[in-house]
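Top to bottom, those sequences are chains C and L. To convert, take the position in the first sequence, counting from 1, and add 537; that gives the working numbering. To convert, take the position in the second sequence, counting from 1, and add 537; that gives the working numbering.
Since the hints were derived computationally from the structure, they do not count as laboratory data. Hints should not be assumed to be uniformly reliable.
Think about it this way: if two alpha-carbon atoms lie no more than 27 angstroms apart in a straight line, the pair counts; the simulated DSSO-like pairs of lysine-lysine are [unchecked claim]: (1) C/558 with L/624; (2) C/612 with L/623; (3) C/632 with L/623; (4) C/558 with L/542; (5) L/542 with C/612; (6) L/558 with C/612; (7) C/612 with L/550; (8) C/612 with L/612; (9) L/612 with C/550; (10) C/632 with L/632; (11) L/542 with C/624; (12) L/558 with C/558; (13) L/632 with C/612; (14) C/623 with L/624; (15) L/612 with L/624; (16) C/558 with L/612; (17) L/558 with C/623; (18) C/550 with L/632; (19) C/624 with C/558; (20) L/612 with C/542; (21) L/558 with C/542.
Bear in mind the structure is a predicted one, so any value in this text is a computation, not a measurement.
2 protein chains.
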Amino acid sequence: MPVLKSSEATVTKVKEGVERKLIHAENLMMVVIDFTNGPWSEPEPPHSHVHEQTTYVASGEIIFFCEGEPDQRLKAGDMFCVPSNKKHTIQLLTKEVRLIDSFNPIRQEFLV
Amino acid sequence: MPVLKSSEATVTKVKEGVERKLIHAENLMMVVIDFTNGPWSEPEPPHSHVHEQTTYVASGEIIFFCEGEPDQRLKAGDMFCVPSNKKHTIQLLTKEVRLIDSFNPIRQEFLV
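Okay, chain C solo, but in the shape it has when bound:
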């Protein structure tokens, strides 16, 4: 699948107010995540995964929390990076947020 047009993409509802769509190669996955359930009064519980992650904040504002690092308030145009197995989470500061997440290797569980 070389192209994913937003208007034609399969949208997966992760939970109320959280949707994703994705494209991937063999070892690289890119995921658009749309949140519409912000702002949050506190962050989600931290999680970790073996996959390396990079994220671009396409719209909205968040706080990014990463184990051993100072909390960071990020807005559209900012990026963050999560090393393999590092605990991290976010807190939404605006009602709507769009994040562009990339993962290596691919998140097989997202393909189910």
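Using the hints, position chain L against chain C.
Chain L alone, transformed into the frame defined by chain C:
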């Protein structure tokens, strides 16, 4: 470098009207590329690299060309994927375009 704030990022001028900034883990790199020299009357010459690539069109419109695939007109919110060693290129249709490229492995030549 877990966070790259747009306002503080090192911006690399690739050529006139093309700038990039990037963040990376060990095997995953994410690059924001800002073009301000569009529209183009024709695509750039096709190129290829061993790195897998995924791209999110953050703003503007382009045509995406990929070896063996039909040309695709893409706009903000669309994505494309380039397998390892596949020839590909783009043509800008608007003056300004922002692409979010991810690569696995990282583009070492971008770190020079």
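Next on the checklist: For each hint given before, does the structure comply? Return the numbers of the non-compliant ones in rising order.
Outcome noted: 2, 3, 10, 14 and 18
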